[in-house]
Amino acid sequence: MVLTLAFRNLVHDRVRLAVTLVGILFAIVLVAVQLGLYQGARKMIISMIDNAQGEIWITAFGAKSFEEAGQLSGRERHAVLSVPGVKSVTPLTVAFTEWRKPAGGSALIVLVGADPADGGLKPWNMVQGTPASLAEPHAVAVDKTYMDNLGVKGISDIAQIEQTRVRVAALTDGIRSFTMAPYVFTSLNRARSMLGLEPNQATFFLAKLDDPATTEAVRNEIKSRLANVDVLTQAEFRDRSLDHWLFGTGAGVALIGGAILGILVGTVIVAQTLYSSTKDHLTEFATLRALGSSAGYIHRVILAQAALSAVLGYVLGMAIAMVVVHFSEQTALPILMTPQLAIGLFVLTVAMCAISAISAIVKVTKLDPAMVFAR
Amino acid sequence: MSDIVLEAHDVVKELGHGAGMVRALKGVSLSLKAGELTLLMGPSGSGKTTLLSILGCILAPTSGSIRVAGTDTANLGPEALADVRRKHIGFVFQSYNLFPTLNAVENVRLALDVRGRRGRLAADQAREALTKVGLSHKFKSYPGNMSGGEQQRVAVARALASAPSLLLADEPTAALDAENGQSVMQLLSEIAKDKSHAVLAVTHDHRTLPYADRIIHIEDGLIVGDERPERVRAAIVTPPPTIPLDEVHSGRASAPTRFAKKRKTKFHG
Chain A
676 MVLTLAFRNL VHDRVRLAVT LVGILFAIVL VAVQLGLYQG ARKMIISMID NAQGEIWITA
736 FGAKSFEEAG QLSGRERHAV LSVPGVKSVT PLTVAFTEWR KPAGGSALIV LVGADPADGG
796 LKPWNMVQGT PASLAEPHAV AVDKTYMDNL GVKGISDIAQ IEQTRVRVAA LTDGIRSFTM
856 APYVFTSLNR ARSMLGLEPN QATFFLAKLD DPATTEAVRN EIKSRLANVD VLTQAEFRDR
916 SLDHWLFGTG AGVALIGGAI LGILVGTVIV AQTLYSSTKD HLTEFATLRA LGSSAGYIHR
976 VILAQAALSA VLGYVLGMAI AMVVVHFSEQ TALPILMTPQ LAIGLFVLTV AMCAISAISA
1036 IVKVTKLDPA MVFAR
Chain B
35 MSDIVLEAHD VVKELGHGAG MVRALKGVSL SLKAGELTLL MGPSGSGKTT LLSILGCILA
95 PTSGSIRVAG TDTANLGPEA LADVRRKHIG FVFQSYNLFP TLNAVENVRL ALDVRGRRGR
155 LAADQAREAL TKVGLSHKFK SYPGNMSGGE QQRVAVARAL ASAPSLLLAD EPTAALDAEN
215 GQSVMQLLSE IAKDKSHAVL AVTHDHRTLP YADRIIHIED GLIVGDERPE RVRAAIVTPP
275 PTIPLDEVHS GRASAPTRFA KKRKTKFHG
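Chains A and B, in that order, give the protein sequences.
The first sequence begins at 676 in the working numbering and counts up one residue at a time.
The second sequence begins at 35 in the working numbering and counts up one residue at a time.
No wet-lab data here; the hints were simulated from the structure.
Hints may be right or wrong, so weigh each one.
Said to hold, decoys possible - The list that follows gives simulated cross-link-like pairs (lysine-lysine, BS3-like), each with its CA atoms no further than 27 angstroms apart:
id : chain 1 : residue 1 : chain 2 : residue 2
1  : B       : Lys67     : A       : Lys1038
2  : A       : Lys776    : A       : Lys883
3  : A       : Lys718    : A       : Lys739
4  : A       : Lys954    : A       : Lys1038
5  : B       : Lys67     : B       : Lys172
6  : A       : Lys1041   : B       : Lys121
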């Protein structure tokens, strides 16, 4: 009967129910979009680090992120290789540079130089061509999301990076860049040449270990042997990149701030409607009390109203959020809706509605059952 | 086993504080027996409703003691008092106080649900209680689609469903026309005949007198009269109505002549 009464109380005043649902829906969509954008941004920021095959990253001292790191001389590679437990060390070259479009104009890109044969960092999600295609002369791989930005239409189109002619030899799908500068993959030596680096220079040395369980110990050993470089585990480098792009730039704070605002607005709207609904049903609650119901029973009715509002609002809100997510898929900053986020949003919605019920519960706690005799 | 269901001793109730304090009850003592319909009468402001609230464990007295079905309610907190109400007391209100969003069966089931009685058994009990009050044809009706008399009978069924030892009715006929008022009083009178219930009805409707087994008169917070039926009936010209129970339950009973007349009963302190 608790659920029946709660449901009937809710649907009894349909205008108020509509206002409640709009409030929850607004909060859900706003929070889903903001957190989805945050998740999307997070995924973009760490995608290169997560797809690289190695447990330890050796970077120039003070490297801020995958895209913003100085160059290493090359002697570090041998030092790292001499550390027990290190299986292989792969050089990577990464830098912002200029892409010149075939039809004129230019775009800022992040050039990623790696030898696919090394297995350190290969382009993934390939829709045309293979990682081996990068071994062909002038070959580069670009993501099809950015073809318009780069002024190319597909495989075999010709463009220029700095002063070097390049040919699109492979296409990926979904490798997006948080910096809005598209990632362009090429071979290690070609990248060095385009960026004017010495033959042994690299932006990162990626160490693969015999046993990943020894990561911490090996990292400490490398650190003791190399001065003026940062030696980071994959997780540390991921955190450093996220810190830089999401919190150093304020982008993450804005996204999380928007989500918090959504939660606050939703909570206030639901609290207001639950409170006014409770006020309207005070005589009924007093009757329940007079009939001998415990305070907990009445609280359960109010909480059930809040929970029903949460479920209805969540279903509607998520339906709209999923439409927004769908339309964002092909944009530069896609919204990412993961099962974890969907579950998290449901828990958040229920919590938001439960918190909203507090004012109504306080109201009925002060209820005088003698009001049933008021005439 | 004693058939005393309720005992109140020297109950005092003060309302308000300081200069605005009012002594609504000034030392009321009474007891109610199972199998009796007692009317509590008195003018407005005499303390009837305050006494009903205290006897129903809704208000706590300032001083004095209340025992309901052997349970001393002194010093009980709100939840313990709710427990006493849940176990022993049923209420019928002047304005019925039904839940407008629930149908007749659901309204009765809610009172059972509060007492932890759920499922099919509770639904059967609710239907049985409604059938007892002559509403077997109104199970699915909502209060808004029922007459005042029917709503009050749903309220009586709700009070009865949990088989309370004490049934308290607050002006049960005040919002009803003569015919429905008579029907509801007949119903309460029938309930009182069951030796497992004591019924106390607050009223100032003199048309209810013929149904009383006992009449308590209260004025200015004190009991000033406590009459037994012999004396009351002696004051009534026409004999009490004999109405078949099924007619009472279906609301088809016609108002007896004496019910239509207002009578004044003199009480002897």
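Structure versus earlier hints, numbers of those that do not hold, lowest first: 1, 2 and 5
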